[in-house]
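> So you can see what is in the structure, the chains are spelled out below.
Protein chains: 2
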Amino acid sequence: MSTTQANKIEIIKAPTTKINEVDFENLNFGSVFTDHLFECDFKNGEWQNPTIKPYAPFMMDPSSRVFHYGQAIFEGMKAYKDDNNDIWLFRPDENIKRFNSSAVRMAMPEVPEQLFTEGLNQLLKLDEAWIKKGLGNTLYIRPFMIATGFGVVANPSDEYKFMIILSPAKAYYSGEVKVLIAEHFSRAANGGIGAAKTAGNYAGQFYPTSLANKEGFQQVIWTDDATHTKLEEAGTMNVFFRINDTLVTAPTSERILDGVTRKSLIDMAKREGIAIEERSVLVSELIEGIKDGSLKEIFGAGTAAVVSPIKGFAYKEEYFELPKIEDSIALQLKEKLTNMQHKLTEDPFGWTVKI
Amino acid sequence: MSTTQANKIEIIKAPTTKINEVDFENLNFGSVFTDHLFECDFKNGEWQNPTIKPYAPFMMDPSSRVFHYGQAIFEGMKAYKDDNNDIWLFRPDENIKRFNSSAVRMAMPEVPEQLFTEGLNQLLKLDEAWIKKGLGNTLYIRPFMIATGFGVVANPSDEYKFMIILSPAKAYYSGEVKVLIAEHFSRAANGGIGAAKTAGNYAGQFYPTSLANKEGFQQVIWTDDATHTKLEEAGTMNVFFRINDTLVTAPTSERILDGVTRKSLIDMAKREGIAIEERSVLVSELIEGIKDGSLKEIFGAGTAAVVSPIKGFAYKEEYFELPKIEDSIALQLKEKLTNMQHKLTEDPFGWTVKI
Numbered sequence: 536m537s538t539t540q541a542n543k544i545e546i547i548k549a550p551t552t553k554i555n556e557v558d559f560e561n562l563n564f565g566s567v568f569t570d571h572l573f574e575c576d577f578k579n580g581e582w583q584n585p586t587i588k589p590y591a592p593f594m595m596d597p598s599s600r601v602f603h604y605g606q607a608i609f610e611g612m613k614a615y616k617d618d619n620n621d622i623w624l625f626r627p628d629e630n631i632k633r634f635n636s637s638a639v640r641m642a643m644p645e646v647p648e649q650l651f652t653e654g655l656n657q658l659l660k661l662d663e664a665w666i667k668k669g670l671g672n673t674l675y676i677r678p679f680m681i682a683t684g685f686g687v688v689a690n691p692s693d694e695y696k697f698m699i700i701l702s703p704a705k706a707y708y709s710g711e712v713k714v715l716i717a718e719h720f721s722r723a724a725n726g727g728i729g730a731a732k733t734a735g736n737y738a739g740q741f742y743p744t745s746l747a748n749k750e751g752f753q754q755v756i757w758t759d760d761a762t763h764t765k766l767e768e769a770g771t772m773n774v775f776f777r778i779n780d781t782l783v784t785a786p787t788s789e790r791i792l793d794g795v796t797r798k799s800l801i802d803m804a805k806r807e808g809i810a811i812e813e814r815s816v817l818v819s820e821l822i823e824g825i826k827d828g829s830l831k832e833i834f835g836a837g838t839a840a841v842v843s844p845i846k847g848f849a850y851k852e853e854y855f856e857l858p859k860i861e862d863s864i865a866l867q868l869k870e871k872l873t874n875m876q877h878k879l880t881e882d883p884f885g886w887t888v889k890i
Numbered sequence: 536m537s538t539t540q541a542n543k544i545e546i547i548k549a550p551t552t553k554i555n556e557v558d559f560e561n562l563n564f565g566s567v568f569t570d571h572l573f574e575c576d577f578k579n580g581e582w583q584n585p586t587i588k589p590y591a592p593f594m595m596d597p598s599s600r601v602f603h604y605g606q607a608i609f610e611g612m613k614a615y616k617d618d619n620n621d622i623w624l625f626r627p628d629e630n631i632k633r634f635n636s637s638a639v640r641m642a643m644p645e646v647p648e649q650l651f652t653e654g655l656n657q658l659l660k661l662d663e664a665w666i667k668k669g670l671g672n673t674l675y676i677r678p679f680m681i682a683t684g685f686g687v688v689a690n691p692s693d694e695y696k697f698m699i700i701l702s703p704a705k706a707y708y709s710g711e712v713k714v715l716i717a718e719h720f721s722r723a724a725n726g727g728i729g730a731a732k733t734a735g736n737y738a739g740q741f742y743p744t745s746l747a748n749k750e751g752f753q754q755v756i757w758t759d760d761a762t763h764t765k766l767e768e769a770g771t772m773n774v775f776f777r778i779n780d781t782l783v784t785a786p787t788s789e790r791i792l793d794g795v796t797r798k799s800l801i802d803m804a805k806r807e808g809i810a811i812e813e814r815s816v817l818v819s820e821l822i823e824g825i826k827d828g829s830l831k832e833i834f835g836a837g838t839a840a841v842v843s844p845i846k847g848f849a850y851k852e853e854y855f856e857l858p859k860i861e862d863s864i865a866l867q868l869k870e871k872l873t874n875m876q877h878k879l880t881e882d883p884f885g886w887t888v889k890i
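Just so you know, the sequences run in chain order A and B.
The numbering of the first sequence is this note's numbering, which starts it at 536 and goes up by one.
The numbering of the second sequence is this note's numbering, which starts it at 536 and goes up by one.
Which copy is meant is left open, so a pair is good if it fits within one copy or across any two.
Derived lysine to aspartate or glutamate pairs resembling EDC-like cross-links, with alpha carbons at most 20 Å apart: (1) 548 x 596; (2) 749 x 693; (3) 613 x 882; (4) 668 x 882; (5) 553 x 596; (6) 749 x 856; (7) 889 x 628; (8) 765 x 812; (9) 889 x 653; (10) 805 x 780; (11) 831 x 861; (12) 889 x 621.
Derived by calculation from the structure, the hints in this document are not laboratory data.
Throw the hints in and build the complete structure from the sequences for me.
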């Protein structure tokens, strides 16, 4: 780590800011970036030259491994600003840990926690004006790593680039979410890369999701590829089901991303005295639950979407709409979580971290 | 197609050539590129500005979709030069067709066949000095497409770059190949992207393959993810098994790449009167075949590797070595195929195409 000491991050400031061009009330998710980014390159077996510099395009060789063999991982995190202008992160250690698990699975080098943390914190401090106060305003953080080594031979790269870019964000989904339950296409294989936050997992979902979009569904809930009877996750969210007053969600596995929002909701539910089960959920349970009235809610959980209530689902050409309810556990948990993240209420878990 | 007419390809020639710096007798596969590349960008719903220009790095935005969501596909092809200095391709229509099938599955735009063909042919003519005569000398062709649109939101890109780069090549694998049969990790899911030649399929194999490498195996033969009992493909090759005098190979499916070399070998075997079966092959058949002597050969088939005989395989900690044989069907088919590709013998199939 000789060249990656925290105090060695070179900072090259942008000569001007783009912030005045941005309408913070009308943001399309992930489309506007702050003035700076953090960058660090892996060469000759070590991370070197950590730098914060103006957000700008960079040069890539046509034979870069990421273009041909897809070594690319990322994380999604958020920063929040409280009324004292302090900046907070939510469980950043969990994202760093998962990033490095993804790195191992994709045969990429791990990023030392200190390097990740210092790069992120210094970047956030430099671009802190982009973090707006108030519930619903966040700065979305996108750490990612790509294979930059040359050569079209199907082996792991020997060079990588780690970057963090920042994007001011409002809500990810707006409007009602209807989902299609997969009965042919799949997201992940047993023994595959479904638990890694790697680029290819997302590209693989675009075509089936576009087919679902055409039928009026915003997302697909994936099922196990062997039988298509077990519910797994939506591509950008884990999924919870409320059966009577019990929340149920699929256990994490090689096929399912270990979501930070997912695990936070589980712990919050436990603390609230809400019954929660981590177990396989069958599609047939949902259909029976709609018919006998026991299925009360379905919602997605993820950093970008936070908690996203689902209005209804289709399976094998039939559409099932969820009942309207007064006492939504989804909305209750969402409010508690976002209040905690924005430091509007106490954080009994110690999840919020001031930078 | 108004802007992508064949005669509209702009050609910007490199001021000098790198060819004299290249040792054509000692080439590492996929590491040296010719003087030029072909490039065409998809913007505003159409392919535009097809250009042949000097091979060089290009600018990418940090939020380019390919880095985050992995929309990236490629093909592998080869060009050959005969004794008359004519340049030949092998079944290029099959590669173009598969490239566009991959594009559909990855929610990317198809590349019109005429654009692909004209870009490739004009590029090959310009860099024809890089194609060396003689058996074993080829020019490896790497067409690929990446998502260049901006924004970290998990939707298909609206902009893409299609490129063709060229790399002079000798053999892909050298030395003996031993394989490990997968019993935990998997390459593809039912309903997944295994049949698409997309970047993420390769990255997912690197870690399991690196574990196999450490145990002395060069490649992994993947099995079905549900039971790990059916043999599918090696990551860069389809796989054939010779049981007595019958060749057997897994049928193509959503999980298995529809290899051009694979289908060519099948047709060649039929013409030669060699019995060939496309059917599921069980791991247990191999082990029984080793024990009773009916398993004579295993070989991989792919554009890069052509035909790659396999010396032995391991499954569940046990290693099985294939018998040494005199009348290798693998080597016989390899010789016939490479002779045909290099125009040293007749091509009764009409597969070779002069540009």
